[in-house]
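For reference, each letter of the sequence shown is one residue, going 14 to 550 in my numbering.
List of simulated lysine-lysine pairs, DSS-like, C-alpha gap at most 30 Å:
#, residue 1, residue 2
1, Lys163, Lys205
2, Lys373, Lys151
3, Lys379, Lys353
Bear in mind the hints are in silico, worked out from the structure with no lab data behind them. Quick caveat, the model's predicted, so the values are computed rather than measured.
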Amino acid sequence: MASNERDMFSAEIVNRGIESSGPNAGSLTFSVRVRRRLPDFLQSVNLKYVKLGYHYLINHGVYLFTVPILLLVFSAEVGSLSREDLWKKIWDEASYDLASVLSSVAVFVFTFTLYFMSRPRPIYLIDFACYQPDDELKVSRDQLIELARKSGKFDEESLEFQKRIVMSSGIGDETYIPKSVIASSENTATMKEGRAEASMVMFGALDELFEKTGIRPKDVGILVVNCSIFNPTPSLSAMIINHYKMRGNILSYNLGGMGCSAGIIAVDLARDILQSNPGNYAVVVSTEMVGFNWYQGKERSMLIPNCFFRMGCSALLVSNRRRDYSRAKYRLEHIVRTHKGADDRSFRCVYQEEDDQKFKGLKISKDLIEIGGEALKTNITTLGPLVLPFSEQLIFFATLVWRNLFGGGKSDKNSSSSKKPYIPNYKLAFEHFCVHAASKAILDELQKNLELSDKNMEASRMTLHRFGNTSSSSIWYELAYMEAKEKVKRGDRIWQLAFGSGFKCNSAVWRSMRRVAKPTSRNPWLDSINAYPASLN
Numbered sequence: 014m015a016s017n018e019r020d021m022f023s024a025e026i027v028n029r030g031i032e033s034s035g036p037n038a039g040s041l042t043f044s045v046r047v048r049r050r051l052p053d054f055l056q057s058v059n060l061k062y063v064k065l066g067y068h069y070l071i072n073h074g075v076y077l078f079t080v081p082i083l084l085l086v087f088s089a090e091v092g093s094l095s096r097e098d099l100w101k102k103i104w105d106e107a108s109y110d111l112a113s114v115l116s117s118v119a120v121f122v123f124t125f126t127l128y129f130m131s132r133p134r135p136i137y138l139i140d141f142a143c144y145q146p147d148d149e150l151k152v153s154r155d156q157l158i159e160l161a162r163k164s165g166k167f168d169e170e171s172l173e174f175q176k177r178i179v180m181s182s183g184i185g186d187e188t189y190i191p192k193s194v195i196a197s198s199e200n201t202a203t204m205k206e207g208r209a210e211a212s213m214v215m216f217g218a219l220d221e222l223f224e225k226t227g228i229r230p231k232d233v234g235i236l237v238v239n240c241s242i243f244n245p246t247p248s249l250s251a252m253i254i255n256h257y258k259m260r261g262n263i264l265s266y267n268l269g270g271m272g273c274s275a276g277i278i279a280v281d282l283a284r285d286i287l288q289s290n291p292g293n294y295a296v297v298v299s300t301e302m303v304g305f306n307w308y309q310g311k312e313r314s315m316l317i318p319n320c321f322f323r324m325g326c327s328a329l330l331v332s333n334r335r336r337d338y339s340r341a342k343y344r345l346e347h348i349v350r351t352h353k354g355a356d357d358r359s360f361r362c363v364y365q366e367e368d369d370q371k372f373k374g375l376k377i378s379k380d381l382i383e384i385g386g387e388a389l390k391t392n393i394t395t396l397g398p399l400v401l402p403f404s405e406q407l408i409f410f411a412t413l414v415w416r417n418l419f420g421g422g423k424s425d426k427n428s429s430s431s432k433k434p435y436i437p438n439y440k441l442a443f444e445h446f447c448v449h450a451a452s453k454a455i456l457d458e459l460q461k462n463l464e465l466s467d468k469n470m471e472a473s474r475m476t477l478h479r480f481g482n483t484s485s486s487s488i489w490y491e492l493a494y495m496e497a498k499e500k501v502k503r504g505d506r507i508w509q510l511a512f513g514s515g516f517k518c519n520s521a522v523w524r525s526m527r528r529v530a531k532p533t534s535r536n537p538w539l540d541s542i543n544a545y546p547a548s549l550n
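Generate the whole structure from the sequences, applying the supplied hints.
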């Protein structure tokens with residue numbers, strides 16, 4: 014195996030406990046687990062994605078360059094004159110014509126008005142809510158395996174496999190799951206159970222959102238709901254409209270099958286709709302129905318979602334009304350979306366299908382981490398020029414161009430250091446990181462490749478431990494954790510990074526509008542925040 018190929022794998026020794034039967038009964042047993050690493054994407058940056066990031070920056074920031082130049086020229090001209098000369102030019106040498114003055118003023122006012130009218134309105138996040146299920150739905154890892162055993166749906170080999178995954182997943186003992194799904198020997202992953210779970214989590218999150226913001230459901234003009242697996246008819250958005258008796262001209266959208274990164278896609282859609290329909294409130298609901306896709310078969314690649322996915326839902330209230338500036342918590346700065354669906358491996362790496370026994374489930378490819386790394390590389394390379402400080406951009410871009418033009422060809426095997434680009438410090442661009450809490454292994458690899466500290470990854474790891482993988486809503490549980498810890502200050506920048514089936518990787522950047530005080534109610538962390546950060550060793 015070549016050295017560069019060998020670098021794509023990592024090995025670890027796993028304690029499997031005391032053998033209960035066989036010739037080694039009563040003795041400790043160990044196994045060696047080999048898994049793929051994320052590609053070292055910061056060492057193989059593609060220049061075209063950097064150019065794309067600069068293209069976004071130039072399209073949206075020309076005025077940042079032109080205005081300072083105009084001011085500089087004006088200042089140089091005025092600065093060359095003495096006070097007497099300036100006064101003379103204004104009053105003594107100027108010959109005024111009323112028509113000319115009025116025309117100039119009209120042109121100025123028209124240009125100024127056109128500029129501000131054509132600018133996209135800022136998108137404000139007024140507040141958000143994350144649903145916390147009742148304690149009766151709380152299960153520990155041991156309880157999860159025991160309930161699965163009692164259900165009679167899994168053989169011993171499947172149970173043992175799930176136990177190994179769950180115990181090393183980074184998930185704690187207080188996550189939530191529909192117990193009825195695994196506690197019954199009958200098929201409970203039905204439309205009825207799906208609707209019941211959807212009603213519980215969505216209405217719970219929305220009730221909390223409306224209470225926190227004081228907004229009436231009839232005030233909402235735009236509704237975007239995303240749920241990947243469960244897509245009934247009528248839609249989930251129609252369920253919400255019916256439950257809250259929303260107005261008849263509401264613009265509603267229902268996104269399905271778009272995976273764990275769909276929460277950011279939903280925000281992007283809400284932003285675009287608000288720009289064409291200004292002055293409205295938009296509600297974005299992100300969730301996943303765990304019970305409806307609970308797999309009952311023996312295929313190991315389809316058992317993995319059973320081990321990670323847990324109940325959860327987030328609801329956001331966003332607006333582009335200028336009068337909401339003073340009450341908003343955050344302002345949306347950037348959204349960058351990456352889609353690798355044109356590649357067949359990427360398209361099929363997370364794939365819903367039936368197994369040989371016709372049990373429906375979500376199949377996870379062994380290439381998931383590698384494919385996710387490629388999508389992440391593209392996404393952060395495009396995002397870099399939009400968010401990195403100018404000094405970082407200058408060094409990064411200069412070294413990248415130098416490497417591509419003069420850094421030596423592939424045949425120069427002894428000059429690997431000359432081909433290594435400068436690695437941007439993304440910690441200079443953001444104060445807080447909300448990385449999708451998919452699994453411990455993925456978070457480990459992301460932390461290593463992005464060179465993030467334990468503090469940077471704290472919210473993601475604690476969310477995975479306390480709530481599990483809640484799919485597209487996990488990044489909001491992470492932001493709720495930061496608020497409960499009083500970490501968010503005025504002007505802080507938050508990077509939300511999510512990835513999911515397709516394969517997609519999406520980033521959203523928010524800026525805090527004010528210092529967020531510790532919540533006294535309606536936060537999913539309030540009953541456990543003092544126990545975190547927890548030791549996960």
